[in-house]
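One-letter residues, chain by chain:
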Amino acid sequence: MLALDIFLAALVFMGALPLIAGCCQFGLAGLHCFRRRSRVEGDVHPRVAVVIPAWNEAAVIQRTLDQLARLEYPRERLRIYVVDDASDDDTPVLLGAKAHEYPGLVFPLRRERGGEGKSHTINHGLRRVRADGWYDAVLVIDADVIFTGGSLRRMARHLADPEVGAATAYIKEGSRPANYMNRFIAYEYITAQAAARRAQNVLGVHACLAGGAQLIRRESLEAVGGEIDTSTLAEDTVTTFRIQLAGKRVVFEPHAIVWAEEPRGVDGLWKQRLRWARGNIQVTRLFRRVWFHPRRPGGLGRLSFALIWFSVLLMPVFLLSASTGLIALFFDNRVFAEHAFRGLWAINVVAYLFITLSSFSIDPRTARLCWREGIAFPGIVSLMIMLYTVLPADFVADGNVLLRALGIHPSAALGDALTLFAYAWLTVSMLAAAAIRQMDRRRWLAWLSGPLVYVVGYGPLQCAVTATAYIKELRGAEMRWDKTEKVGAIGEVA
Amino acid sequence: MSDAPTIPGVPTEPDLAAGVPTEPDLAAGILTEPDLAAGVPTEPDLAAERAHEERSERWLFIRQVAIVLVLVALLLIHALLG
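Sequence lines, in order, name chains A and B.
Under my numbering, the first residue of the first sequence carries the number 1, and numbering increases by one thereafter.
Under my numbering, the first residue of the second sequence carries the number 1, and numbering increases by one thereafter.
The hints are simulated quantities; they were obtained by calculation from the structure and are not laboratory data.
Do not rely on the hints blindly, as some may be mistaken.
[Unchecked claim] Part of the chain B face toward chain A, derived, beta carbon under 10 Å: (1) 59; (2) 61; (3) 63.
[Stated by the list, open to error] Covered stretches of chain A, going by a simulated chain B footprint (3 or more residues, C-beta under 8 Å): (4) 24-34; (5) 51-58.
[Stated by the list, open to error] Derived DEER-like restraints, expressed as beta-carbon distance ranges: (6) B/73 - A/10: 29 to 37 Å; (7) B/52 - A/96: 23 to 31 Å; (8) B/59 - A/89: 41 to 49 Å; (9) A/438 - B/81: 19 to 27 Å.
Virtual Cβ for every residue (Gly too), placed ideally from N, Cα, C.
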């Protein structure tokens, strides 16, 4: 029986792996000052061809182009190719006007037959850029992103190092006024970009160039075939992997700030992240010969990188494993189950405090906007479980005394039910998050989805999306490009 | 730069005698002349900007260390309280 208990406890503690990996990333992010991101950094101004895929972007494209025209970058070293993917709104007219306003800077291109997806649209632009042959580097961005004045200059200086094949920027959520979902995403981007990408700079290997800001050296673009991948939903990740496998480095520039407009509700977020999660599963399959092969170029086969990659990709599996282990232990050895439960959640408490405080420290300006969402990121239910875990046993016993004093007599059955609920919560939270998404799609229930995200947690919502991505991939579901709706909500953020 | 009159936004001829490279030599990391007309900060501004960035990264490290120390202290207090 001891062997079974130890096995089940191992299952339980697998649930802590994603948070431990998260802590490692935040620890590495703190060491960023000791690692020069590029061996050589100079204030170079390579000729940059900006490629912008645009499909019905009338609400955002003008501001994006105006901001690019105002970049602190030599005008004669910048060309902007906007690929209109057969838009049926005012995008073509607006692009024509901008080409007239910025002659020699803005070049509108049009695909008469659109709807094939973003990667095909980008490739249309890349073919034109390569045919012109004018560029030293290509910058692939989204139609809604707002580059701050010095962002491109900061990214470009890394190209002074011939070993650097690509650079990316810090994408921040810029919707103003920011609603609850914008604030959750703003906090998430501190963790997933400002912290995780700093850590990847330290490790010398990157998972993904941010799709909204990918500066790629000409030589690297040619090395990966001159076009981007169209076989997966994560074309930016495939490009990142291929550049590194071709022997060049990828660099994150944390001081190059780019603002983006992100979804304002659960359903919009779900569609966007489902696309990303499915893309990551496809990338995992596509590069199956790279994982755990440390001698592969670019460090992609290192154990440290696998820890980062799989701790996110397999998070639903780890959480399911923890719940399964705890429930099995409950029926096998209740005392041991209680110890395992407290041990798991004690790790979660420490990791939560470290990650949350570190996030606030990495980007205090953003944290001022979204500190409540940072605190509520795991969900109020998880926070209560954490509180229960760290409270001394006497205090919990006193609580029971208090309940009795109030005339509430918790029965053994109720106690067992609550215990099982707490043990199962890591998995139940994913189901609850999936239910919130369904509520968000129904007009008469949508108002509840916001408050419920705080209760269930934004983290579980992400896990539920990843779990759904697995199901979609196993079923071989159609790869649809559900474009995130952009309405020009980015405020005066530059 | 040459003494030829300039039109705003139109690149001037490179002053070859002064040895200012026009194309960025990415491999050698040779600096190009900043385009003042386009609003590119001058060298001292860039140096100050870099110094600020490096200082902020060092502060990030210091804050991370402080957070770790606080957490260790909290763990010790929790352990002492049983």
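Okay, the hints, checked on the actual structure:
For residue 59 of chain B, the interface hint holds, the least distance from its beta-carbon to any beta-carbon of chain A being 9 Å, beneath 10 Å. Of the supplied interface hints, the one on residue 61 of chain B holds, with its beta-carbon coming within about 5 Å of a beta-carbon of chain A, less than 10 Å. The criterion of a C-beta within 10 Å of any C-beta in chain A is met by residue 63 of chain B, whose closest approach is roughly 4 Å, and the hint holds. Check on the stretch 24-34 of chain A: 8 of its residues sit with their Cβ under 8 Å from a Cβ of chain B, so the three-residue criterion for coverage holds.
Requiring three or more residues with a Cβ within less than 8 Å of a Cβ of chain B, the coverage given for the stretch 51-58 of chain A is violated, as only 0 such residues are present. Remark: the range hint 29 to 37 Å for residue 73 of chain B to residue 10 of chain A is upheld by a beta-carbon distance near 31 Å. One distance hint, 23 to 31 Å for the beta-carbon pair residue 52 of chain B and residue 96 of chain A, is violated here, with the actual separation near 41 Å. For residue 59 of chain B and residue 89 of chain A, the Cβ-Cβ distance of about 46 Å falls inside the hinted range of 41 to 49 Å, so the restraint holds.
The hinted range of 19 to 27 Å is not satisfied by residue 438 of chain A and residue 81 of chain B, whose Cβ atoms lie roughly 44 Å apart.
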